[in-house]
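Numbering (this note's numbering), first residue to last: 1 to 184.
Just to be clear, a hint being listed does not mean it is correct.
[Said to hold, decoys possible] Okay, the calculated beta carbon distance ranges per label pair:
no. : residue 1 : residue 2 : range
1   : THR155    : ALA84     : 23 to 29 angstroms
2   : PRO131    : ALA84     : 26 to 32 angstroms
3   : ASN172    : THR65     : 26 to 32 angstroms
Hints listed in this document are in silico derivations from the structure and should not be mistaken for laboratory results. Just so it is clear, CB atoms sit at the ideal spot from N, CA and C, and this is done for glycine as well.
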Amino acid sequence: RLLDAALELLPDAAARRAQLAEFEEVADGYLADSAANDDVAALVFSTRVDQYAGKLSIVRVMSGTLAAGQELHNPNSNGGERPAHLYKLVGREQIEVKSLQMGEIGALPKLADTHTGDTLCAPGHKVQFAPLALPEPILTYALLATKGEEEKLSTALHRMMEEDPTLNFYHNAETGDFLVGGMG
Numbered sequence: 001r002l003l004d005a006a007l008e009l010l011p012d013a014a015a016r017r018a019q020l021a022e023f024e025e026v027a028d029g030y031l032a033d034s035a036a037n038d039d040v041a042a043l044v045f046s047t048r049v050d051q052y053a054g055k056l057s058i059v060r061v062m063s064g065t066l067a068a069g070q071e072l073h074n075p076n077s078n079g080g081e082r083p084a085h086l087y088k089l090v091g092r093e094q095i096e097v098k099s100l101q102m103g104e105i106g107a108l109p110k111l112a113d114t115h116t117g118d119t120l121c122a123p124g125h126k127v128q129f130a131p132l133a134l135p136e137p138i139l140t141y142a143l144l145a146t147k148g149e150e151e152k153l154s155t156a157l158h159r160m161m162e163e164d165p166t167l168n169f170y171h172n173a174e175t176g177d178f179l180v181g182g183m184g
């Protein structure tokens with residue numbers, strides 16, 4: 001259902017505008033075109049953390065072709081990534097594929113410095129998609145934890161925040177409470 005909704009709600013890959021990452025001021029951008037633009041550019045729109053498989057970054061290829069083992073640049077973190085495997089997700093099943101074409105959605109496992117909303121592109125391509133518009137939390141709860149539980153709670157909440165970027169978490173030093181805010 002999530003992938004069906006993403007296909008329906010996310011903009012068409014050919015119509016997605018990006019800004020040039022090498023310029024600090026906002027550029028007019030470019031229109032992705034599979035025929036004219038062979039350099040890969042992909043948007044990470046979701047992240048899943050599985051206790052067995054690890055971290056999966058769910059991407060939509062906006063231009064070019066993404067191949068397994070291909071070197072990628074992340075302009076958001078100014079780092080490099082090289083996904084050894086690519087998967088298409090069918091329900092809970094992960095089907096390994098050799099490549100993903102423009103417009104396709106797939107999963108890249110174990111990307112160290114890549115998060116939801118990041119752009120992945122060919123090195124030297126200098127493209128960065130506009131950040132995802134995330135809503136502000138509408139509910140905030142205080143969590144009480146004993147001294148021994150604080151570290152475990154913090155680790156668990158940070159793992160949850162990787163999957164849900166609308167989740168906020170901070171420690172109020174004045175009251176000693178852990179505050180968690182989200183959509184509900």
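* Take the C-beta atom of ASN172 and the C-beta atom of THR65, compute their distance, and say whether it sits inside 26 to 32 angstroms. => violated, 48 angstroms
* Could you check the hint for me, namely that THR155 and ALA84 are 23 to 29 angstroms apart, CB to CB? => holds, 26 angstroms
* Measuring from beta carbon to beta carbon, are PRO131 and ALA84 in 26 to 32 angstroms? -> holds, 27 angstroms
Hint compliance for this structure: hint 3 is the single one not met.
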